[in-house]
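Produce the complete structure using the sequences and hints provided.
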Amino acid sequence: MFLFSNCLFAYEYEYLPWADCSQYRTPVDRPMERIISLNDSYKTSKNFKATCKNRLDDNSYPHIEWEVLPINRDTKNTGDYAVFRTMLPDDPCNLIVGVRIHLWSSKETSFDFQVFENVGPTMGFLSPASCIGTAKDKDVKEGKQTLVLIWSETGEDKKKLERLNAYGLVAKESPLVIKVTKVDLIFANKKDAQKYEKQQAEQHLKLQQVMITALDSLGVKLGSLFGEISVDNMEMSIWQGVHLSAMGQQIDHWSCLAKKNYGSDERGELLEKNRQELIFELESGIVVSQKIEDLQHKVDIFVDDMMNKLPLSARKWYVGEDGKYHRPDGRPYRVFAPYFQRLRYSYPNEIRKFMGLGDWDMRHLAGLGFNGIRADITWNKLEPKKGDFDPEYVAMVKSVFKEAERYGLAVCFMPQWPFPDWFVKGKPGYEINEKSHIHASKQNAYHWPEAVISMFSRVGEEMADVPNILAFEVPTNEPSLSLTRKGILDRPYLMELWNKWLKETYVTRSNLAEVWGSAYKDSDRYGLADDEDWNNNSIRPLGFQNDPDVDTAYAYNPRLWDHLRWAGWMQENLTGSIMRVLHKSIPDAVGIMQYTTGDRHDYGPVPIDYRPIQTYVGEGVVPGTHYGIAGIQARKARSLSLLGYDSEFQNENREKYIVEHVKLGLGFSPFSFFYYGHGGRLFADYEGHLKPEVLYLCTLSNWIRTYWPEDIATKGKIALVSNTRLATTTGELTDDLVKILEERGYQVGVLEGMRVSRNPELLENYQLVITTSSYMDIKLLEVLSESYKGLVLLFGRLDMDSYARKPDKGLAAEMVKRELFIKESSVDKFSLATVQNMDLRGSWDFYYAGKHKSAPKTPLANMNSVNWSRVSVPGMWGEEGIEASQRYLLGDGWYRREVLIPIEWKGSLELVIGAIDDEDWTFFNGELIGKTISSEKSDCHLQFRKYVIPANIVNWGKKNEIVICNLNTFNKAGIYKEPIKIQSTVSGKVCWLSNGNEVSEAIPLNLSKNASCVYKENILNNVEVLAQVGGIGLDKPVAFIRQDRWYWWIDDSAWSSKDEAQMKVLDIILRKIDK
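If you read the sequence shown in the working numbering, its first letter stands for residue 328, the second for the next number, and so on.
No lab work stands behind these hints, which were simulated from the structure alone.
All of these numbers come straight from a predicted model, not from anything done at the bench.
Result set (DSS-like, lysine-lysine): computed pairs, CA atoms no more than 30 Å apart in a straight line: (1) Lys1106 <-> Lys1343; (2) Lys1133 <-> Lys1363; (3) Lys586 <-> Lys643; (4) Lys990 <-> Lys587; (5) Lys465 <-> Lys486; (6) Lys1336 <-> Lys1156; (7) Lys625 <-> Lys548; (8) Lys1299 <-> Lys1178; (9) Lys370 <-> Lys486; (10) Lys1156 <-> Lys1391; (11) Lys1150 <-> Lys1116; (12) Lys380 <-> Lys465; (13) Lys376 <-> Lys499; (14) Lys1133 <-> Lys1156; (15) Lys434 <-> Lys370; (16) Lys499 <-> Lys708; (17) Lys1264 <-> Lys1299; (18) Lys1233 <-> Lys1285; (19) Lys1144 <-> Lys1336; (20) Lys465 <-> Lys518; (21) Lys499 <-> Lys471; (22) Lys370 <-> Lys708.
Pairwise CB distance ranges (calculated): (23) Glu608 <-> Pro638: 34 to 44 Å; (24) Leu396 <-> Glu1225: 54 to 64 Å; (25) Asn421 <-> Asn1279: 46 to 56 Å; (26) Lys471 <-> Lys373: 23 to 33 Å; (27) Asn873 <-> Glu1231: 25 to 35 Å; (28) Lys471 <-> Asn421: 27 to 37 Å; (29) Asp1362 <-> Ser1383: 22 to 32 Å; (30) Tyr1034 <-> Gln350: 37 to 47 Å; (31) Val614 <-> Pro1019: 26 to 36 Å.
The C-beta atom is built at its ideal place from N, Cα and C for all residues, glycine as well.
And the structure:
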């Protein structure tokens, strides 16, 4: 204990060890990770630089070494600083009053001491963290000592200090070296310390039971020992069980290899027999510690012998003729490989050897039933200087990969941000404006492609002798095009590539001017301006045409389509170039592309969701998915290959999605094999205990690794081809058709329109293609006309193509040219009147109601009595930033807004919202009009919302109330994406015809006022009218028509099983397949 004097009072503090670099509580505990494992943990002012590394000196324990250096020897230190910050453990009762740091200092100095709130476990100190108190001039002498930091020394009141969850030391001079070996938590008294210990002990018992259940499913049954032996002995037994489980994977992998290469395997069989005997003894409560070590020694000899005897080619994972990954012994392999984020904070080899990490890193993985790792290769550590790989880092990475192979684990190689400073600055001669950086550590992977390609060329050389690399993620993790408000305007080299691509694509300025100048609306705004010239890189990109709002840009800006084509070209060119250099060293290397990050992470003036061009990649690259388990992205990947896998996904309580994903035949990388509290991590603590919410991954592990879907006879194969322009902006219209068609017994492929235009052969073997004609790419129409011979169902508008050009310059003109459906290109909108829109951006009422289990959600009973606040829409809420995902404002946030609906709008209305994170139940005047929830749709936070507002619930000419229940399941939430509006629609009925006669009762039909109006007098003679809007006659627009193998349906809205007219259309065309 320690007596600390503060003013007139004296306090007797109690200490509990927290991060002790000389001790670890379980074989996988890494004490140093408690101190330094957050983004932006250490930073400096412009004249200082700092490093923070794990070190091991002679005759000492491992420690954290924080070194502060001046950038220039002549720089004066006045006003400069370096800060080293650490997030505290979860403390729900606010019992921790300070920390005691055991350190060594290279010199006598003093620190300022800061405390922080809102440090987010996802982004660390990059999140909206704020300093809430500072204590000045904490003296430190030269050499070894302890430094006591008490929160109250900052002078802040107790209530405010209860919000803190991190602390920092601020150095004000350099050079300086600080070595931290231990951090203790300080409590006001013994009672508080004991209360904290009791909380931790209760949590520990719960986590032991989780681990016991996991091991039970993996063949080690320890349940009978729980409560019968001491807690410490139970803990030891659990980790011995993990060890024996992992040993089973080792024996299985190398035994199968021995059988394949030598025909028999007596050693492996004997080792497995010995392992089963030890499992029985362990389950019986017998002490087996030494026996396990002895058996592991024999297994290691067996593995060493096999690795020395077998040539590299016999140990390689490979792609088989069945299109699946295979183990070296020939068994099919599914990626079940956690994101090994621990590699980001991994240790030099001498520390790994000292702490025994080499064995236990992979033993932990294999022992829980996983079969690989997604390796987090941090580029700034790999290549700190351009062209120079850090040999120590490369050696550490290769040693991890070798350890993985020993346990039969494959590796997915993933280059990760933060990128090196030299790359972040930009290509020489094209340096970027540093003031424009947002999240400087997450940088644009496209703004210097030559450097990325060069890095991969060297990676191929370094990794050519690693047999268990399954795939390389290219170009990097979460590559982005726009992380600043000015988009690519802040990237001089990207501006050059944009202008170069335009020049190569259009050849002459007049060609480009003709296309952009044919915009359906505001051609003066969107056309090529006089001051724009591709010879000096001055043609402005999407978003800088003074669009009045994002919605208008989505609807009418022709540059949007060229932006998407250029982005696709960038993806194809960069990923293809990477694979070409990799194949020089590793001829059978597989590339995986996630998708270019955009949408809510696109800070440009016109945000783009790049997922709909995810498959537009170079040769040798297959699409993976990223946060896309079992969703449309997974369907797209599966439609092209079985090699793609999902690279990140929060797994808590998501068993339903994992099962569905595996049934598609795909693999995935659980996020992540690490702990720092926030949602997505697999562990509940630093000691490596599983979270209860992810236990199912272990109980299902054998099925996940071995299940493969069988080819089941279906009624036919149908391709849903997405519309790239719509999908990247306001949302795809065919997503719900996947389930509708599968439930009817059809095999469904999901393909991207831009990719099909490039590779028409993808449509082979499909009997029917369904795609929208709204904003249709004329190249796709060409493919469907000239290369594809099956049935085609088009639906939606005919007045604008992918460039948003006028009918006589775009899609309608092309259809006339091809003699498809119409005689003339004069296609009108259904209503010539301007579509009424009510902009709902701005201030809304908001109330956080907490967690509620009721489903479906119903409006608050006390709606008018709660304490509403005001928030801006679009915007986000939900991040409290305290450690563990439960510490976000999870649960229900309620939005409310009153709107006056003009009586002139009387008819049908729709509420349109770009996206809501995560789930929503939306009410209009108390009636539920729509919901987007995870039990019905994956990736809820990215889904476009369009909810019909029934006319009978609208108070025409009066005030109406919109109420939205927004459920936050992780991190942030909110109505965050435009458009946010009410728009009018056209109501009517569709009448079904045969030989020109009405044959069935009319069905209700809701159309947007943008729907195309085509009359019978404008259709070709060989076109059959199957349905008309409002009845029979030349004055009635056609609704559903057929011309040989082509069909067109008037509706330009998303498909829904609840839409009677849409289902009627589907019935008619599917009968053609069923014949």
